[in-house]
Amino acid sequence: MSMLFQLRMFKVLMALGLSLFFMTNVYAEADPKLWGVMKEAFFAKRDMKEVDFIKIDAPKRAESGAQVPVTYSIDRAAANGVVIKKLYAFVDANPIPLTATYHLTDALGDFQLSTRIRFETDAYVRLVGETEDGKLYLASRVIRAAGGCGGMVENNEAEVRAAAGRIKMNVETPAKFGTATTATFNIKHIMRTGLQRDLVSQGFVPAFYINKVDFVYDGKPLMTVDVGVGTAEDPYFKFNFTPASAGALQAVATDNEGKSFSQQYDVKI
Numbered sequence: 034m035s036m037l038f039q040l041r042m043f044k045v046l047m048a049l050g051l052s053l054f055f056m057t058n059v060y061a062e063a064d065p066k067l068w069g070v071m072k073e074a075f076f077a078k079r080d081m082k083e084v085d086f087i088k089i090d091a092p093k094r095a096e097s098g099a100q101v102p103v104t105y106s107i108d109r110a111a112a113n114g115v116v117i118k119k120l121y122a123f124v125d126a127n128p129i130p131l132t133a134t135y136h137l138t139d140a141l142g143d144f145q146l147s148t149r150i151r152f153e154t155d156a157y158v159r160l161v162g163e164t165e166d167g168k169l170y171l172a173s174r175v176i177r178a179a180g181g182c183g184g185m186v187e188n189n190e191a192e193v194r195a196a197a198g199r200i201k202m203n204v205e206t207p208a209k210f211g212t213a214t215t216a217t218f219n220i221k222h223i224m225r226t227g228l229q230r231d232l233v234s235q236g237f238v239p240a241f242y243i244n245k246v247d248f249v250y251d252g253k254p255l256m257t258v259d260v261g262v263g264t265a266e267d268p269y270f271k272f273n274f275t276p277a278s279a280g281a282l283q284a285v286a287t288d289n290e291g292k293s294f295s296q297q298y299d300v301k302i
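Just so we're aligned, residue 34 is where the sequence shown starts under the numbering used here, counting upward by one.
Simulated from the structure, these hints should not be mistaken for laboratory data.
These numbers come from a predicted model, not from an experiment.
Hints are supplied without guarantee of correctness; some may be wrong.
[To be verified] Below, a list of computed lysine-lysine pairs in the DSSO-like style, where the Cα atoms sit at most 30 Å apart:
id	residue 1	residue 2
1	168	82
2	209	301
3	88	271
4	118	88
5	168	201
6	292	245
7	88	119
8	119	168
9	82	118
10	93	119
11	88	209
12	271	245
13	271	209
[What the hints assert, rightly or not] Derived DEER-like restraints, expressed as beta-carbon distance ranges:
id	residue 1	residue 2	range
14	199	97	16 to 24 Å
15	215	254	17 to 25 Å
16	143	76	22 to 30 Å
From the three backbone atoms N, C-alpha and C, an ideal C-beta is built for every residue, glycine too.
All chains should be built: construct the whole structure from the sequences, respecting the hints.
Here it is in structure tokens:
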């Protein structure tokens with residue numbers, strides 16, 4: 034996906050998201066009508082099939098809209114030959130609905146990933162899977178949560194900047210070569226959305242967030258995550274992959290200001 038295309042889509046989603054933000058103030062419950070508007074904006078008139086081989090595991094009601102735990106998975110056996118190469122994750126009532134896009138490889142095996150996302154109000158999580166030839170598949174789930182995207186913030190900017198980019202990464206041991214092995218990645222970052230207001234000045238605080246994480250194993254691409262501001266503070270990804278042999282798991286993250294952060298974990302027999 035080119036940087037120009039990403040910029041254009043961000044502007045479209047920002048405009049759409051702000052409209053949805055004001056619309057959702059009217060509703061207390063998740064509104065299914067919002068998806069039709071967003072689907073048309075992002076995927077135009079492309080056909081999309083609802084399926085059950087893409088799954089969303091999450092609490093019905095989250096304790097905090099700022100940190101909502103979710104697990105996404107793809108059952109390859111149930112997919113009956115459908116191979117998902119790209120997975121878009123949306124919260125359709127958020128001011129900026131696209132929380133992340135996951136670019137997948139065969140090395141992930143039966144895809145399973147846990148992360149934490151933000152909710153501004155009760156909404157549907159939508160996962161749209163895309164195959165290499167452009168076919169689209171949809172899964173949905175309602176979650177009750179609120180207040181995670183906007184609001185007031187009071188941060189010590191020097192401390193925020195000093196902490197940004199600290200990475201913790203781990204792979205379960207002993208490694209299970211040839212079978213699913215779990216890796217965890219956590220990066221310290223405030224993930225400011227650009228919609229929050231400063232407690233003192235009342236002005237909007239500029240967006241500051243991780244926008245991409247590349248995972249590579251033994252020199253080969255494993256997964257790329259295009260990260261959106263709907264991803265919760267201190268982005269967290271726990272996922273399975275299938276190492277064929279000993280090697281190094283490398284992660285490189287970038288933020289919207291162009292800074293880069295990296296970490297490596299050696300997987301041994």
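Verification of the hints:
{"no.": "1", "hint": "168 to 82", "verdict": "9 Å, holds"}
{"no.": "2", "hint": "209 to 301", "verdict": "10 Å, holds"}
{"no.": "3", "hint": "88 to 271", "verdict": "16 Å, holds"}
{"no.": "4", "hint": "118 to 88", "verdict": "15 Å, holds"}
{"no.": "5", "hint": "168 to 201", "verdict": "36 Å, violated"}
{"no.": "6", "hint": "292 to 245", "verdict": "11 Å, holds"}
{"no.": "7", "hint": "88 to 119", "verdict": "15 Å, holds"}
{"no.": "8", "hint": "119 to 168", "verdict": "11 Å, holds"}
{"no.": "9", "hint": "82 to 118", "verdict": "16 Å, holds"}
{"no.": "10", "hint": "93 to 119", "verdict": "26 Å, holds"}
{"no.": "11", "hint": "88 to 209", "verdict": "24 Å, holds"}
{"no.": "12", "hint": "271 to 245", "verdict": "16 Å, holds"}
{"no.": "13", "hint": "271 to 209", "verdict": "16 Å, holds"}
{"no.": "14", "hint": "199 to 97: 16 to 24 Å", "verdict": "22 Å, holds"}
{"no.": "15", "hint": "215 to 254: 17 to 25 Å", "verdict": "19 Å, holds"}
{"no.": "16", "hint": "143 to 76: 22 to 30 Å", "verdict": "25 Å, holds"}
Figure legend: structure checked against the earlier numbered hints; the only hint not met is number 5.
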